[in-house]
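*Asks:* Residue strings, one per chain:
Protein chains: 2
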Amino acid sequence: MPEFRKEPVTGRWVIVSTDRAKRPRDFIRTQVVVQKKGICPFCPGNENRTPPEILAFRAHGGPNQPGWTTRVIPNKFPALRVEGDFDREPDGLYDRMNGIGAHEVIIDCPEHIASLGETTDTNTANVFWAFRERLADLKNDVRLKYTLLFKNHGEPAGASIEHSHSQLIALPIIPMAVQEELDGSRRYFDLHDRCVFCDIIRQERRDGKRVVHEDEDVIVLAPYASRFPFELWILPRRHASHLEFAPAEIYRGLASTLGRLLRKIDRALECPAYNFVLHNGTMKETDSPSYHWHLEIIPRLTRVAGFEWGSGFYINPTTPEEAASFLRDTIA
Amino acid sequence: MPEFRKEPVTGRWVIVSTDRAKRPRDFIRTQVVVQKKGICPFCPGNENRTPPEILAFRAHGGPNQPGWTTRVIPNKFPALRVEGDFDREPDGLYDRMNGIGAHEVIIDCPEHIASLGETTDTNTANVFWAFRERLADLKNDVRLKYTLLFKNHGEPAGASIEHSHSQLIALPIIPMAVQEELDGSRRYFDLHDRCVFCDIIRQERRDGKRVVHEDEDVIVLAPYASRFPFELWILPRRHASHLEFAPAEIYRGLASTLGRLLRKIDRALECPAYNFVLHNGTMKETDSPSYHWHLEIIPRLTRVAGFEWGSGFYINPTTPEEAASFLRDTIA
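Top line first, the protein sequences correspond to chains P and C.
Position 33 (the first sequence) corresponds to 33 in the working numbering; numbering is contiguous.
To convert, take the position in the second sequence, counting from 1, and add 332; that gives the working numbering.
Any given hint could turn out to be false.
Think about it this way: if two alpha-carbon atoms lie no more than 27 Å apart in a straight line, the pair counts; the simulated DSSO-like pairs of lysine-lysine are [claimed, not checked]:
hint, chain 1, residue 1, chain 2, residue 2
1, C, Lys616, C, Lys471
2, C, Lys408, P, Lys6
3, P, Lys139, P, Lys284
4, C, Lys477, P, Lys6
5, C, Lys408, C, Lys477
6, P, Lys76, P, Lys145
7, C, Lys338, P, Lys145
8, P, Lys76, P, Lys36
9, C, Lys477, C, Lys616
10, C, Lys616, P, Lys6
11, P, Lys139, P, Lys76
12, P, Lys37, P, Lys76
13, P, Lys6, C, Lys471
14, P, Lys76, C, Lys338
15, C, Lys408, C, Lys471
16, P, Lys284, C, Lys338
17, P, Lys139, C, Lys338
18, P, Lys37, P, Lys145
19, P, Lys6, P, Lys209
20, C, Lys369, C, Lys408
21, C, Lys368, C, Lys408
22, C, Lys541, C, Lys338
None of these hints come from the bench; they were simulated from the model.
Can you build the whole structure from these sequences, using the hints too?
*Replies:* Laid out in structure tokens, this is it:
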């Protein structure tokens, strides 16, 4: 029997369709494999093929030279520009403003690999440390309200360059889905004086069936109202609204957990394309009792059909309980 | 210079990125071509391969026999079931309910074609007439609150069967994105005592640059804050909240406009996959002064990247002005 499930933060209903239940092998997908065609602009030695770096962690060498482990550069084809004045104007009944913001690329590691599952935990921790530094720096720009940090892995997930990288888009607005999550968790807090994500963690730890992994620092869940098969959330165990204020051990814990999880996903689902998105507190706040940062990972296993865009309504052919059980049993 | 534009109904901001501007030929896409492999369950003569029909328009023949022009059947692998009692129950802090609802398939025409652009206007009008009859019939089920009517055209858009068909999902809830549109148009109405869609039509007719087509009955727009390249909306010129109460001439006008538009899209964009979704009033209302039904068409030209799901925030590489101009100049 199919079932409606309500996501407790935003209130979104999802159909979890057990009749159409899909096992990992039933999904059509493109395997993401490293092809290494042509010259890679993200490989060491090709620093002159990218805009000058904004930030780099390096063992040796000067700026824009080899020797780095993680490197942050402006996007060569930015969707937004940092320069210019911030103008808002009406256009009849419409509103517009110029495209002020930042669009950066985080080159995860010097090796020409496609996935963070293939690098060391230390390297992955550096990537999150780069997120932290960029989040802190961009807060100095008072025009900006929210920073999106995300990864498109594999061409079906929107990646145009193969070499493992993440992206940052800093915006003068708070995106709608983020606002809905902030509002929803605020409503829950007003009602219960507790963080909804902390309550989710509490219940999931008791139930166990949707928990993929848990250690002292973080927990990995297949969320109750997963929109997509094998959707996964990594949350810090202790309440925290902003990644950038997390203690150093969280970065290490997050890195090793993410690495293990990506290796499990690659093994269980045959190297699928995936996206991850950091859900973080806003730039104006430093600490919120109602919001809880987390990383959402979505393997691209199904085609998003039209009605899902038209309605914000999702049908998920794999229960999160099955997904969690399958991934728990997969060797990393 | 990239630009933020605000969608006046929901308040969603979109980046229209003119720097990354893409012309129709720049998009990677799969051409949707009819392959006709194996036996098609939707072709006349194979009626016994589908569940028994719910509705059919036919020139001759009995139920579940050839002779029909448009045929409505239950989905063989439904995401929801009509049978059973409607149970809601808590699951700790979560909410769930059983998957009551309807999931139907509208087989658009007897010919084994992939697109409504290839059939006659009379046939397409029949498809909308079938939408109308199903909408009216499903209103008798008091458990249901909203009916989604949509089409997935081509495999990249989520179609699993090639023969031209549409789908219907009737739900005991109002989907979140639909609710946002209803709420947004209501807020506008409360402020101005006018329908926001009527105001959009008024402004677009005066401006002209985002109008693709216009006749006595309907208008086709590339919306100001298009989320996707070549996103198109067909709206009735005169205010109406529900398709099912439209006068007969609207169905004819809608059918001939949609047919022409799909032929233009096929010619301009080389037969892309696309989705369309009917945005309609709710099942409990019969007439709303603030809501205005319309059909949203989204050609699948770009990969939706991860951050778009994480944020509800879209970057569109083609301005609606360019898209409209290009389609105006394309022969149907």
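*Asks:* Do the alpha carbons of C:Lys368 and C:Lys408 lie within 27 Å of each other, as the hint requires?
*Replies:* At roughly 20 Å apart (the allowed maximum being 27 Å), C:Lys408 and C:Lys368 satisfy the hint.
*Asks:* Measure nothing beyond the straight line between the CA atoms of P:Lys284 and C:Lys338; if it is 27 Å or shorter, mark the hint as holding.
*Replies:* It holds: about 22 Å lies between the C-alpha atoms, which stays within 27 Å.
*Asks:* Hey, C:Lys616 versus P:Lys6, does the alpha-carbon distance stay inside 27 Å?
*Replies:* Given that 27 Å is the threshold and the Cα spacing comes to 22 Å, the pair holds.
*Asks:* Below or equal to 27 Å on CA atoms is what counts here, so check P:Lys76 against P:Lys145.
*Replies:* Holds. P:Lys76 to P:Lys145 sits at ~23 Å (cutoff 27 Å).
*Asks:* Under the criterion that the straight-line Cα-Cα distance not exceed 27 Å, is the pair P:Lys139, P:Lys284 satisfied?
*Replies:* 8 Å, holds
*Asks:* Are the Cα atoms of P:Lys37 and P:Lys76 separated by 27 Å or less?
*Replies:* 20 Å, holds
*Asks:* Quickly compare the C-alpha distance for C:Lys338 and P:Lys145 to 27 Å and report which way the hint goes.
*Replies:* 16 Å, holds
*Asks:* Taking 27 Å as the top limit, are the C-alpha atoms of C:Lys541 and C:Lys338 close enough?
*Replies:* 17 Å, holds
*Asks:* Would the pair P:Lys37 and P:Lys145 pass a check requiring their Cα atoms to be no farther apart than 27 Å?
*Replies:* At roughly 38 Å apart (the allowed maximum being 27 Å), P:Lys145 and P:Lys37 break the hint.
*Asks:* For the pair supplied as a hint, P:Lys6 and P:Lys209, is the alpha-carbon distance within the 27 Å limit?
*Replies:* 17 Å, holds
*Asks:* Would the pair P:Lys6 and C:Lys471 pass a check requiring their Cα atoms to be no farther apart than 27 Å?
*Replies:* The given pair, whose Cα atoms are some 24 Å apart, holds under the 27 Å limit.
*Asks:* C:Lys369 and C:Lys408: Cα distance at most 27 Å?
*Replies:* 20 Å, holds
Going through the hint list in order, the structure does not satisfy hint 18, though it satisfies all others.
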